[in-house]
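Work out the full structure: start from the sequences and follow the hints.
Taken in order, these protein sequences are the chains called A and B.
Under my numbering, the first sequence has 606 at position 435, and the numbering climbs by one with no breaks.
Under my numbering, the second sequence has 71 at position 69, and the numbering climbs by one with no breaks.
Since the hints were derived computationally from the structure, they do not count as laboratory data.
This structure is a prediction, so every number in the text was calculated from the model and none was measured.
Glycine included, each C-beta is placed from N, C-alpha and C at the ideal position.
Any given hint could be a false lead.
As the list claims (entries may be wrong) - Which residues of chain A face chain B? A few of them, derived with a C-beta cut under 8 Å, are:
#1 198
#2 202
#3 241
#4 258
#5 277
#6 288
#7 341
As the list claims (entries may be wrong) - Negatives, chain A to chain B, calculated, CB over 12 Å:
#8 291
#9 354
#10 364
#11 472
#12 603
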Amino acid sequence: MGHFHKIFTLSNCLIVILLYLMSRTAYSAMPKSWYDLEESPKQLGSVRWEKPSKDFDKEVDDIFEAQGDSYDALLQESNYGNLKSLNGWELSVIRSQLALTADGVLGVLALKGTVAAELRWFKKSYIKEMEANYDLLSTDAAHATLSMDMSDTEINNILAKIADKAAGTGRIRDRGLMLEGLQDRVNKTKQMLFSVPDTSVFPFSLYRLRLEIIFGASGRALPFMTAGGDVRIRLDWDLVPSRNNIIASKPDSDLLAATNDSFDGLVTAFSQDMGVLVKREPFGSKFRVKGFQIRIAQTAGGRVGVANASGSLGCMLFFKKNRISRAKSMHYFDETEGKAHFNLIRFENQQSAEKEQDSYILSDDYMTKSYQSSSSVTSIDRSKFRKGLEKAENIARYFIGRAKRVKNRNWELREIRTDYQLSLAGSVGMATIGGFGELRIEYAKI
Amino acid sequence: MCRLFLMSLVLCCVSCMSGIPIIGIDEEGVKNIKITKSKYSKKMGEVLADVHDAAIVPANRLALEGHLDHWELRWFNVGVGIEGKVGIIGMVSLAARPRIRLYFRRKYNRES
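Structure below.
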């Protein structure tokens with residue numbers, strides 16, 4: 172009997188351990204259609220909204236609650252957290268980020284080089300100024316802001332200073348080569364920006380173009396970061412408002428039917444298509460769509476399109492919502508329904524290049540060759556893209572709704588950013604790690 | 003004995019329902035592990051407070067004492083990355099990786 176009792180107890184223990192281990196690997200996944208994209212146009216049927224499971228709702232609520240609790244705990248544990256203002260300094264915002272795995276699991280990213288939470292302290296008197304420029308400054312890269320009304324001499328002086336600083340660090344051998352690379356990219360971008368039409372009658376307008384350039388030790392511009400001591404340079408072009416008003420405010424028919432391969436066509440297409448995000452506003456009582464960012468690239472043959480890649484390929488476009496009535500913006504949105512296509516540019520070898528960068532330092536030549544041989548272009552149907560955007564908007568609404576449910580004594584939800592990826596079929600879904608996506612949540616101190 | 007077994011079962015189920023997924027990457031690819039909500043908020047709160055306090059004192063001193071004649075510290079970020087080690091029975095450690103950024107601006111900009 173005693174022997175039997177021992178066996179029974181032991182088997183119980185084993186079952187409990189097994190259940191415990193199983194509980195550690197039980198995850199509630201996001202609905203597959205939110206992130207797993209159809210790559211063939213044939214597969215893209217009706218865009219039906221798939222509701223998440225109750226378990227996933229709970230998991231998301233738990234994450235938001237745990238984050239809120241940890242920020243409260245910070246104020247309690249810290250010797251300075253409860254001070255409203257510390258000699259003019261104020262803890263103003265906490266930004267956190269979540270990641271989505273390829274299996275649809277949403278969680279906190281524990282990975283070298285990523286930040287799970289970021290606390291922002293501002294000098295009280297500069298809060299407004301700094302918050303306006305936060306996104307501009309929030310980078311490890313050396314950065315400079317250029318604008319369209321700067322002369323060539325002014326721009327070249329800025330670029331020369333950047334090249335001097337980089338050479339001064341000892342991480343760039345050939346300052347001249349680096350400066351040439353910078354000037355080349357800047358001149359090409361400037362020409363592109365001169366073609367940008369007035370989009371102020373559309374739901375959104377382009378207001379900034381960001382170039383991120385990575386230089387290898389030789390001074391050559393590289394498409395991806397290597398494991399070596401790269402130098403990252405960020406150049407922001409701000410479009411001067413007067414520049415946008417050069418073209419008449421009423422768009423002509425060519426502009427409404429944005430073309431495939433041109434930069435101005437792409438900018439116009441996005442200024443119109445993102446009207447999807449305005450159609451159903453507002454997000455609850457307080458939340459509004461603020462803007463969106465898109466990475467674009469150009470192939471060796473000169474075709475411009477949305478870039479399906481990270482790294483320093485192409486550049487980032489920043490759009491903001493125009494201050495016009497919804498009826499007016501919807502007029503042009505409706506008129507351009509189903510017109511034309513735009514390009515999606517994929518860089519096939521990116522993943523293999525990224526994998527290899529872990530094992531050894533890639534040479535500048537290897538990186539450049541890898542980039543040159545890897546792009547392919549697919550035409551995206553804009554009407555399908557708009558349907559994809561509707562889904563993206565619903566996903567954003569879901570996360571705002573869940574985050575708003577969390578009641579917190581010290582913090583309130585301020586901003587949510589979701590990253591999306593675009594499929595070959597024009598569908599849009601949440602970006603996953605292994606891609607380049609994340610969900611960023613900002614809480615402001617009450 | 004049966005009661006003990008049932009209680010353990012319930013505990014496991016509760017643990018399963020209210021965990022925070024932590025996502026990491028190792029040589030074999032993406033790895034997920036769950037930790038309880040209370041453990042996450044307690045640990046994260048402590049880590050944030052430690053890193054925060056370590057940063058605010060020197061930053062405040064730097065701003066007050068004005069070591070630099072032409073530059074002014076206007077804002078700073080304290081970022082905390084986490085790194086976990088996973089054992090057979092789950093997460094065995096959660097370590098912080100602090101990152102601090104200071105932003106200075108030339109003093110004359112204030113007047114201009």
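Hints and how they fare:
1. 198: This hint holds: residue 198 of chain A lies near chain B, its Cβ roughly 6 Å from the closest one there, short of 8 Å.
2. 202: Where the cut-off is 8 Å and the nearest Cβ of chain B is about 16 Å from residue 202 of chain A, the hint is violated.
3. 241: Holds: closest Cβ of chain B sits about 4 Å from residue 241 of chain A, inside 8 Å.
4. 258: 6 Å, holds
5. 277: 7 Å, holds
6. 288: 5 Å, holds
7. 341: 22 Å, violated
8. 291: Label violated. Min Cβ-Cβ 6 Å, cutoff 12 Å.
9. 354: Given that every Cβ of chain B is farther than 12 Å from that of residue 354 of chain A, nearest at about 26 Å, it holds.
10. 364: Label holds. Min Cβ-Cβ 26 Å, cutoff 12 Å.
11. 472: 35 Å, holds
12. 603: Its Cβ does come within 12 Å of chain B, the nearest being 9 Å, so this is violated.
Going down the numbered hints, you'll see the structure goes against 2, 7, 8 and 12, while the others check out.
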